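Peer 1: Spelled out from the first residue to the last, the chains are:
Protein chains: 4
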Amino acid sequence: MHNKGSISSFDIAYIGGGSLNWATKLMGDLAFDGTIAAHIRLFDLDQAAAERNARIGMRYAGRADQTERLRYTAEPSLKAALTGADFVIISILPGSFDDMAHDIAIPERYGIRQSVGDTVGPGGFIRALRAIPELAEIAAAIGTFCPKAYVCNLTNPMSVLTGALYKVFPEIRAWGSCHEVIKIRKLLAFLANRRRGEVAFGYRDVKVNVLGINHFTFVDAASAGGMDMMTEYMAFAREHHADGWRENPIDPADEHVRYFEDMNRVKFDLACRFGVAGAAGDRHLAEFVPQSWYLDENERWKFGLTPVEYRIRERTEKQAAAAALDTGAALPPPAPSEEAIVEQIKALTGGPEHVGNVNLPNIGQMQGLPPGAIVETNARFSGLGIQPVHAGRLPAALEVIVRPHAERQTALVEAVLARDSAALLPLFLSDPLVSPIGLDRAAQMFRDMVAATTHRLPEALARLGKAA
Amino acid sequence: MHNKGSISSFDIAYIGGGSLNWATKLMGDLAFDGTIAAHIRLFDLDQAAAERNARIGMRYAGRADQTERLRYTAEPSLKAALTGADFVIISILPGSFDDMAHDIAIPERYGIRQSVGDTVGPGGFIRALRAIPELAEIAAAIGTFCPKAYVCNLTNPMSVLTGALYKVFPEIRAWGSCHEVIKIRKLLAFLANRRRGEVAFGYRDVKVNVLGINHFTFVDAASAGGMDMMTEYMAFAREHHADGWRENPIDPADEHVRYFEDMNRVKFDLACRFGVAGAAGDRHLAEFVPQSWYLDENERWKFGLTPVEYRIRERTEKQAAAAALDTGAALPPPAPSEEAIVEQIKALTGGPEHVGNVNLPNIGQMQGLPPGAIVETNARFSGLGIQPVHAGRLPAALEVIVRPHAERQTALVEAVLARDSAALLPLFLSDPLVSPIGLDRAAQMFRDMVAATTHRLPEALARLGKAA
Amino acid sequence: MHNKGSISSFDIAYIGGGSLNWATKLMGDLAFDGTIAAHIRLFDLDQAAAERNARIGMRYAGRADQTERLRYTAEPSLKAALTGADFVIISILPGSFDDMAHDIAIPERYGIRQSVGDTVGPGGFIRALRAIPELAEIAAAIGTFCPKAYVCNLTNPMSVLTGALYKVFPEIRAWGSCHEVIKIRKLLAFLANRRRGEVAFGYRDVKVNVLGINHFTFVDAASAGGMDMMTEYMAFAREHHADGWRENPIDPADEHVRYFEDMNRVKFDLACRFGVAGAAGDRHLAEFVPQSWYLDENERWKFGLTPVEYRIRERTEKQAAAAALDTGAALPPPAPSEEAIVEQIKALTGGPEHVGNVNLPNIGQMQGLPPGAIVETNARFSGLGIQPVHAGRLPAALEVIVRPHAERQTALVEAVLARDSAALLPLFLSDPLVSPIGLDRAAQMFRDMVAATTHRLPEALARLGKAA
Amino acid sequence: MHNKGSISSFDIAYIGGGSLNWATKLMGDLAFDGTIAAHIRLFDLDQAAAERNARIGMRYAGRADQTERLRYTAEPSLKAALTGADFVIISILPGSFDDMAHDIAIPERYGIRQSVGDTVGPGGFIRALRAIPELAEIAAAIGTFCPKAYVCNLTNPMSVLTGALYKVFPEIRAWGSCHEVIKIRKLLAFLANRRRGEVAFGYRDVKVNVLGINHFTFVDAASAGGMDMMTEYMAFAREHHADGWRENPIDPADEHVRYFEDMNRVKFDLACRFGVAGAAGDRHLAEFVPQSWYLDENERWKFGLTPVEYRIRERTEKQAAAAALDTGAALPPPAPSEEAIVEQIKALTGGPEHVGNVNLPNIGQMQGLPPGAIVETNARFSGLGIQPVHAGRLPAALEVIVRPHAERQTALVEAVLARDSAALLPLFLSDPLVSPIGLDRAAQMFRDMVAATTHRLPEALARLGKAA
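Protein chains in written order, with UniProt numbering: chain A, 1 to 468; chain B, 1 to 468; chain C, 1 to 468; chain D, 1 to 468.
Careful: at least some of the hints might be erroneous.
[What the hints assert, rightly or not] Pair ranges (Cβ atoms, derived):
1. 466/C / 321/D: 49 to 59 angstroms
2. 443/B / 313/A: 38 to 48 angstroms
3. 62/C / 460/B: 48 to 58 angstroms
4. 199/A / 197/C: 40 to 50 angstroms
5. 254/B / 420/A: 51 to 61 angstroms
6. 199/A / 108/B: 52 to 62 angstroms
[Said to hold, decoys possible] Chain D is faced by these chain C residues, among others (derived, beta-carbon under 8 angstroms):
7. 274
8. 290
9. 292
10. 331
11. 335
12. 404
13. 408
14. 411
15. 417
16. 419
17. 423
18. 436
19. 438
20. 439
[Said to hold, decoys possible] With a straight-line Cα cutoff of 27 angstroms, these simulated DSS-like cross-link-like pairs (lysine-lysine) come out:
21. 346/B / 183/B
22. 346/B / 25/D
23. 346/A / 186/C
24. 346/D / 186/D
25. 148/C / 79/C
26. 346/D / 346/B
27. 25/C / 466/C
28. 25/A / 183/A
29. 346/A / 25/A
30. 346/C / 186/A
31. 346/C / 79/C
32. 79/D / 183/D
33. 346/A / 346/C
34. 302/D / 186/D
35. 79/B / 183/B
36. 25/D / 186/B
37. 186/B / 302/B
38. 25/D / 186/D
Hints are computed from structural coordinates only; laboratory data are not their basis. This one's a predicted model, so the numbers in the text were calculated from it and none came from an experiment. From the three backbone atoms N, C-alpha and C, an ideal C-beta is built for every residue, glycine too.
Based on the sequences and whatever the hints tell you, model everything.
Peer 2: Put into structure tokens, the structure is as follows:
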């Protein structure tokens, strides 16, 4: 790609190309942007879904008169999708929603409530067991078929899976992309506009220094139009600490909002306690600390627990919508999504530089976390590639909470890749959601959870689900 | 001292010289050894106790015909004790047993059981608040009056206080000395003798590689007479995991044994879970992990919680015994104690080298723990000084539990020395005994505990005890 | 400043404000830019020069109708200039050209040829002795009078002096700014335009990844308009290795060109040997390696040695030009200089982000060089401050040459600030220009050089100039 | 071995078992010691030499009535020697003396004088090219046939070859053993005895803290019988700086002394300059710095250059002596050699602990040198294995000279093992003996040297000897 000069057409491999969410956002963004010529090769274990998305993609392209530039095909194999790709996007669902339902339900039987269950805690841990081998296979294929490609991972658990990509193929040019931090940037834009007395700033105009690990991210500096916004944020957090705040009130009838949004109480509380603002959504932040902190009383803290049952219903709706799009329903009005991927692609290929928060191995960008751990900080996307921007260090009292998660994630990746099943339960025990329930109950819960997902695991790990 | 050549007489300053325990052990050991000429200068806030101990010391010396060599005096000030000292021993009680009673009783009201309460957990944290300023004063005085002296710290919380010594006077030649590891060495000696079929080994003949932090120490290699003892220990731990084991059964009528000894069940359990043997006593190890692991069911795990009320009774007995010694009661029969201090003094001054586990700032001897953290590993004592021996690294699943304690301790020392009161509660919250009780209750407990010890704290910290 | 909101007027303290070079560039750039409101306070030991520059500054401002926005004053003291400053620019001459003449002439008597003599080698070392105490004084004053100010250091030896600023006042928000890397960016722009067949790129459109230390910088990745330019540069370097290359031939009659420019032969040679492109000017690069490599045959390598005698003549011309400007001569036509300072100021205060190569303490941005060493890499300037961008690592064979310079610089700063005169000669001995002349001759040269500049040194260092 | 209990018989594989020097020392030491039961399996490419040594070994054993315990056999293959070995000793000559003659003679033609030529400098570098592949083969075989064996490497270049062992088989339990440091310990013993006024100390009674890399080692602390000997050493070095000192004067007629011994002038000079004592022999130390420092005037500095021609003559004499021993000549009188290997074997198998200076990968024992570099410090040999003792850090001015050698060695090992021929010349260029001769001459010398040894190199490296 780099040698193709200026009149470039990129090959983009989309793994999980039957996706009902991310893939359509990309289609919309590429069409809306109008400057990129690309062949998007969709690969999915569900081949029909990939084919459907290819058709929908061509509809998007057609509407924007981009069919000369944008081409979508469904590919029969990972190899076919990857060979010669300039970019790879990985957006898969590790296992099924049924598996995910177990990840939530079994811990609940042991008294552990999880708001998401896909990152840390018992749910995130077991999901990682399923997902790491899948990502390992993809990383190896990238090493073989397109070793120079830029690789954007959108799959959770983000830190663990981005770590697996690098562990399997260390030269990979991958980053993990997550949009959680947009929320605090929107709040900061609100504050900046309020201060200016006019709507001068969108979230993209707010610069924030991000540091932490995916879904447990923090902001310790913020700026809009040259104004320091951090002091103001802290005052705002103290002011609304007790009741929370949201630009638009939560409509309890809107299930999506109820299950995915929050009133910032957890973010404000972390800000007041530790002096830096929590950056991810409250339901993510809450899963990294003992459940007595926030999860036990999530209603009081005003954030929802996302039921898998709702995810299943939502998927059904999305499938119906996709089928409708496929058979001629009107496309949504043209507008860019909030995903950064198109901006990132353009920056990497000579367009305007892009700086945004992404997940990368720590090569010094974040002091206090171990080298090689997957950390989330800003990085510069440019013709030079992806270069982390130095983010500094968390306050000591917070680092002591964040760092063990990062270390556990690194050790978990190594154990799964090495099929070192004996290493897993000891790691599981130290998760702060698991640890307080006691040794015997934690061990029993671990066996139950593994047993429930055993059909998704490599043989060497599956036997952990059996009674001792 | 080093320049005095071979016919040396050392000046030993003993801070806390009215001690009822350590000081008399030293007196006995010096007299029994018979090769060291020394002037032991006892300093204690309780001047009468120091004077009593000076008299007892002279009795010990007299019995062993060492009055030519050993001289004991009570000194009126820190300055008088330290000036020109070759060695300093620090063995003080931070605060009183009444303070310690609060350290245990208040957390108990919040559902937190502590077996010792002097190292980590809420009790250890608050004790550190009291003790760090005291040790800081001693360190500064050493820097002024005897900067080249070797300094042995015997006071708990050991890691935190040894860290405070180095933080205040970085050139200090100090180490923290703790005898907890002797217990596992005795057990290993038992196993080695059993294997040999004869009593060939005492605990001093068993070499162990120690790593961890004080009271949360581990052994990952052991050897006796060239035999690898680690494999055998692991088998023994598995064999006795369910019921525990002790060479002599615990007599429930013996309060001391009941409150201070254990059946090794915690050590065996840690060995089975993490692959390395726990090295400190069970009641210490149990305090570093959530109380649901061991403390909640200490009777099932067969170790005692040490009541402060018993400590007070024991002290009364010791005081009576000291008074008796002072007025002519028979000295105990001559025998070396298990303390290493006399061996260490001799090794530092040209006698046989000594290798033993001590607490020192991490300068590379323990991988995986941060530089500067106070870690417990073996060190070599010789005419060259105290040099840590490289100890390797803990298994990942254990390191993730040990390291945050070490980081919290470092941050705690810095916060107290800087009188940064705002930094304390956030650190307190992450202790695994505190963390599960929830944010509000933890904050209330912190205030209660500080309020109870407020008379021992510097003004800048004392105000933390007031309601928010 | 940050709290002034958008209608900002900045206070800029210019230390060395009588400068004949940098100060007038800033005046021109500020006037040309037209968007910045500022009070520029010039301070110089030569008060008359500062006053003259203040008058010239007002002429520039007047021409661009900026007198409402731009105000220049000469200040009577460091304190007056710094108090309340938002920005500080440091551009002083450590010592005089007479001192610099000794820095060149004395080593020449020992067979050491220096092309510049202000960075490393014997000249750079002795210049550092003079300059570090001066910068230390400025750093301390910044800590007192404007601790939050952004501080741009333009003074050589850049690495050493930026290091001194941070050592004296660790919270300083300083960076060292140097334009040497522009040269390779221009060459890369030439190559990019040649490839495109049109003049599409200026040097600002060429992105380069810079790594190394000031004046010994390298580029290992380059991009223009999405095209990878590194492969092309390497081919070009090989092609022109033997004869060098320059867009415009060197006119031997043009003394400035002859003494300051080069034919890129050293850069090309380093590129061919080590696989990464030398980035600074050849006369700088040549001073970091033994003189047998390039300096011995500088004519063959086609770069000049800059005579101090020429610098003195040039200064006389500049003084005359300044006097003329001061008395009404026409200002140069309005055009931006190549200095980045105005862009940097704007980026820091809410304008467009700026990424460029600057000198900062290593906090992880450059692997392989020690933490705290002053390294030159890209940094992001934005409302969040100055954040280094991760630059990767030099090839091992080059790192082994670069790193000792960085270590020597760090040790030199520490020794001068501690007035540890005994540490200096041992450090001096290991410089690659000094080292080969032998121990006795090097020591004699050191004494000669110190003796020649003894009037500029603190008493504790001055005595090094005396015979042993 | 560890599991054999106390009545152990060890299997010792001796690679290079036809050795004329080290092997016979071992035979003498084992016989003299009288406590070790062992089967020593000699392997040598020169099978006849191994067989001869096996016969001589049995004679030694017989004299000491050890034939029950000690058995020597010559083995036909590496596999036969290694399989099941408890200990491995590696003592080979990489290439022949003819090769070594080129290592010295070719640089001499370029004006580079080398006193030894087997460690660093051009000779050491080229020797490493030959030797690394040989050691790599041995390391791989150890990994296959006796992965738990303790491995003592005696072969030079020591640092590079010990590094190669660990790079090829990271779990190897190897150390590099070198007796150079004995010299300074003898001198210190002399000083200690002088101070005591009696012969109280042998070199084994002198404790020294060793730090550096093999043959470029330093001592910064020394102690004998509790006396600090470092201050006295420094005074002695200053006193004898000008003329040197040796307990017995050098007899110019004694070739061996003339070529291998020194008057300590280099050691004293380094001590005076850098504040820590040089520890290796002067002829080794001198090769790590520019030849203008010491090598150019080795006679003035009173150390010899060892001619390869003399080595060849010496070998002939040794061969004759070996043949005589083989055919009944009287064995030398029983006495222990100065080699530590027997003490080390005993310490590792349950005998008295041994602390001595050895070469190991840096895992924290030496601050300031990179992790993984092979450093020389003290290590503890005990039943727990080989554990480095923390050695501290060199003075900054010395570290800046030592560290690049260590980095070059690490990079050299990696380049040779990866057959990365392009990486070699750039590394070669930065050696301080090579660097000053200029780029073109250095490149030509490199080609000449490679060409002369090309028959000993793997194909991938051999082509470097061809003209560019």
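Peer 1: Each hint: holds or not?
Peer 2: Structure-based check of each hint:
With their beta carbons about 58 angstroms apart, residue 466/C and residue 321/D fall inside the hinted range of 49 to 59 angstroms. Between residue 443/B and residue 313/A the C-beta distance comes to about 40 angstroms, which sits within the given range of 38 to 48 angstroms. Between residue 62/C and residue 460/B, the C-beta spacing of about 56 angstroms keeps the proposed range 48 to 58 angstroms intact. For residue 199/A and residue 197/C, the hinted distance range of 40 to 50 angstroms is satisfied, since their beta carbons lie about 45 angstroms from each other.
Between residue 254/B and residue 420/A the beta carbons are some 44 angstroms apart, a value that contradicts the proposed interval 51 to 61 angstroms. Distance hint check: the CB atoms of residue 199/A and residue 108/B are about 56 angstroms apart, consistent with the given range 52 to 62 angstroms. Given the 8 angstroms rule on beta carbons, the hint for residue 274/C holds: about 6 angstroms separates it from the nearest Cβ of chain D. Look at residue 290/C: its Cβ gets to within about 5 angstroms of chain D, closer than 8 angstroms, so that hint holds up.
A distance limit of 8 angstroms between C-beta atoms decides the matter here; for residue 292/C the minimum to chain D is near 4 angstroms, and the interface restraint holds. Nearest Cβ of chain D to the Cβ of residue 331/C: about 47 angstroms, over the 8 angstroms cut. The hint is violated. Contact between residue 335/C and chain D, as hinted, is not supported at the beta carbon level, the nearest pair being about 41 angstroms apart and thus beyond 8 angstroms. Restraint check, residue 404/C versus chain D: the minimum CB separation of about 5 angstroms is within 8 angstroms; hint holds.
Satisfaction of the interface hint for residue 408/C is found here, the shortest Cβ-Cβ separation to chain D being roughly 5 angstroms, below the 8 angstroms cut-off. Given hint, residue 411/C at the interface with chain D, holds; its Cβ is 4 angstroms from that chain's nearest Cβ, closer than 8 angstroms. The beta carbon of residue 417/C comes no nearer than 14 angstroms to any beta carbon in chain D, farther than 8 angstroms, and the hint placing it at the interface is violated. For the restraint placing residue 419/C at the interface with chain D, the shortest Cβ-Cβ distance is roughly 16 angstroms, beyond the 8 angstroms limit, so the hint is violated.
Look at residue 423/C: its Cβ gets to within about 7 angstroms of chain D, closer than 8 angstroms, so that hint holds up. Residue-level restraint check for residue 436/C holds (minimum Cβ-Cβ distance to chain D is 4 angstroms; threshold 8 angstroms). For residue 438/C, the interface hint holds, the least distance from its beta-carbon to any beta-carbon of chain D being 4 angstroms, beneath 8 angstroms. For residue 439/C, the shortest C-beta to C-beta distance to chain D is roughly 5 angstroms, which falls under 8 angstroms, so the interface hint holds.
Distance hint between residue 346/B and residue 183/B is fulfilled; the C-alpha atoms sit about 24 angstroms from each other, no more than 27 angstroms. Using a Cα cut-off of 27 angstroms, the hinted pair residue 346/B and residue 25/D is violated, with the two alpha carbons roughly 35 angstroms apart. For the hint pairing residue 346/A with residue 186/C, the CA-to-CA distance comes to about 24 angstroms; that is within 27 angstroms, so the pair holds. Using a Cα cut-off of 27 angstroms, the hinted pair residue 346/D and residue 186/D holds, with the two alpha carbons roughly 24 angstroms apart.
The straight-line distance between the Cα atoms of residue 148/C and residue 79/C is roughly 15 angstroms, inside the 27 angstroms bound, and the hint therefore holds. Distance restraint check for residue 346/D and residue 346/B: the Cα-Cα separation of roughly 25 angstroms lies within the 27 angstroms cut-off, and the hinted pair is therefore satisfied. Of the pairs offered as hints, the one joining residue 25/C and residue 466/C is violated, with about 42 angstroms between alpha carbons and a cut-off of 27 angstroms exceeded. Taking the CA atoms of residue 25/A and residue 183/A, the gap is near 18 angstroms; set against the 27 angstroms cutoff, the hint holds.
Distance check on the hinted pair: residue 346/A and residue 25/A sit about 16 angstroms apart at the alpha-carbon level, within 27 angstroms; holds. For the suggested pair residue 346/C and residue 186/A, the alpha carbons sit about 24 angstroms apart, so the restraint of at most 27 angstroms is met. A distance of roughly 25 angstroms separates the Cα atoms of residue 346/C and residue 79/C; the hinted pair therefore holds under the 27 angstroms criterion. Simply put, residue 79/D and residue 183/D have alpha-carbon atoms about 37 angstroms apart, too far for the 27 angstroms limit, and the pair is violated.
Between residue 346/A and residue 346/C, the direct Cα distance comes to roughly 25 angstroms. Compliance with the 27 angstroms bound is thereby established for this hinted pair. The suggested pairing of residue 302/D with residue 186/D holds, with an alpha-carbon distance near 19 angstroms, which does not exceed 27 angstroms. Taking the CA atoms of residue 79/B and residue 183/B, the gap is near 37 angstroms; set against the 27 angstroms cutoff, the hint is violated. Proximity of residue 25/D to residue 186/B is assessed by CA-CA distance (about 40 angstroms); at most 27 angstroms being required, the pair is judged violated.
Among the hinted pairs, residue 186/B with residue 302/B is consistent with the structure: their alpha-carbon atoms are about 19 angstroms apart, no more than 27 angstroms. Annotation: proposed proximity of residue 25/D to residue 186/D holds, straight-line Cα distance about 20 angstroms (limit 27 angstroms).
Checked against the numbered hints given earlier, the structure breaks hints 5, 10, 11, 15, 16, 22, 27, 32, 35, 36 and satisfies all the rest.
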